[in-house]
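J.: For the sequence shown, the residue numbers in our numbering are 1 to 166.
Read the hints as simulated data drawn from the structure, not as lab findings. Heads up, the beta-carbon is just placed ideally off N, CA and C, and yes, glycines get one too. One or more hints might be untrue.
Unchecked claim - Restraint-style ranges between C-beta atoms, simulated for each label pair: (1) Arg-50 / Arg-136: 25 to 31 Å; (2) Arg-84 / Arg-54: 24 to 30 Å; (3) Arg-87 / Ile-107: 21 to 27 Å; (4) Glu-40 / Cys-120: 41 to 47 Å; (5) Arg-36 / Ile-107: 21 to 27 Å; (6) Arg-130 / Gly-57: 24 to 30 Å.
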Amino acid sequence: MVDWLIHNGCESPAASKRDLVEVLRRRVDLLTGAERALMEMYLDSGQSFRRIARLTGSNASTVARRLHRIARRLTDDTFFCCLRYRRRLRVRELAILRDYFVRGLSIEHICAARNISRYCVRSAIRKARRLAALYRCEHLSKENCLCPSTPSRKSSTGPDPSASAS
């Protein structure tokens with residue numbers, strides 16, 4: 001049903017498919033309007049793209065693209081990493097990030113709807129991406145971390161502590 005959601009590096013396609021469907025089911029509540037109805041039709045009733053297209057009066061490929069786009073936004077962890085660091089964000093920033101990362105609204109649309117400048121929206125998005133990168137970096141081992149802020153283990157700033165043991 002959702003073969004297109006499976007990541008290439010997964011060991012068990014059946015388990016990863018189940019996990020992704022559960023993630024989508026939990027996060028579909030963040031959507032509104034037609035996008036939420038489309039995802040619920042696809043996930044809960046298991047209808048095909050053709051059947052959904054027939055019911056909505058649109059093309060099957062258009063429905064497939066929309067569902068792929070919605071699923072990609074819901075499985076992106078940037079907004080959900082920001083929820084873990086919600087103390088570092090203001091309520092307005094979280095609302096901006098929900099509009100941008102989950103609902104897929106453009107920067108201009110967010111500016112018009114919330115009556116704020118593009119600078120505020122872009123800075124909130126930049127802050128969210130930094131927080132998400134920080135969260136992902138914390139869950140990697142020190143050897144695998146590729147962040148420029150992480151010092152490499154090969155560079156030493158002082159004398160070798162094992163040399164002074166004699």
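J.: Taking the Cβ atom of Arg-87 and the Cβ atom of Ile-107, is their distance within the range 21 to 27 Å?
T.: The hinted range 21 to 27 Å holds for Arg-87 and Ile-107, with Cβ atoms some 25 Å apart.
J.: When you take the CB atoms of Arg-36 and Ile-107, is the distance between them in 21 to 27 Å?
T.: At roughly 22 Å between Cβ atoms, Ile-107 and Arg-36 fall inside 21 to 27 Å, so the hint holds.
J.: Can you tell me whether the CB distance of Arg-84 to Arg-54 sits inside 24 to 30 Å?
T.: Cβ of Arg-84 to Cβ of Arg-54: about 41 Å, so the range 24 to 30 Å is violated.
J.: For the pair Glu-40 and Cys-120, does the Cβ-Cβ distance stay inside 41 to 47 Å?
T.: Violated: the Cβ-Cβ distance is about 33 Å, outside 41 to 47 Å.
J.: Within 24 to 30 Å: is that where the Cβ-Cβ distance between Arg-130 and Gly-57 falls?
T.: violated, 42 Å
J.: Could you see if the CB distance from Arg-50 to Arg-136 stays within 25 to 31 Å?
T.: violated, 37 Å
In this structure, the hints that do not hold are numbers 1, 2, 4, 6, in rising order.
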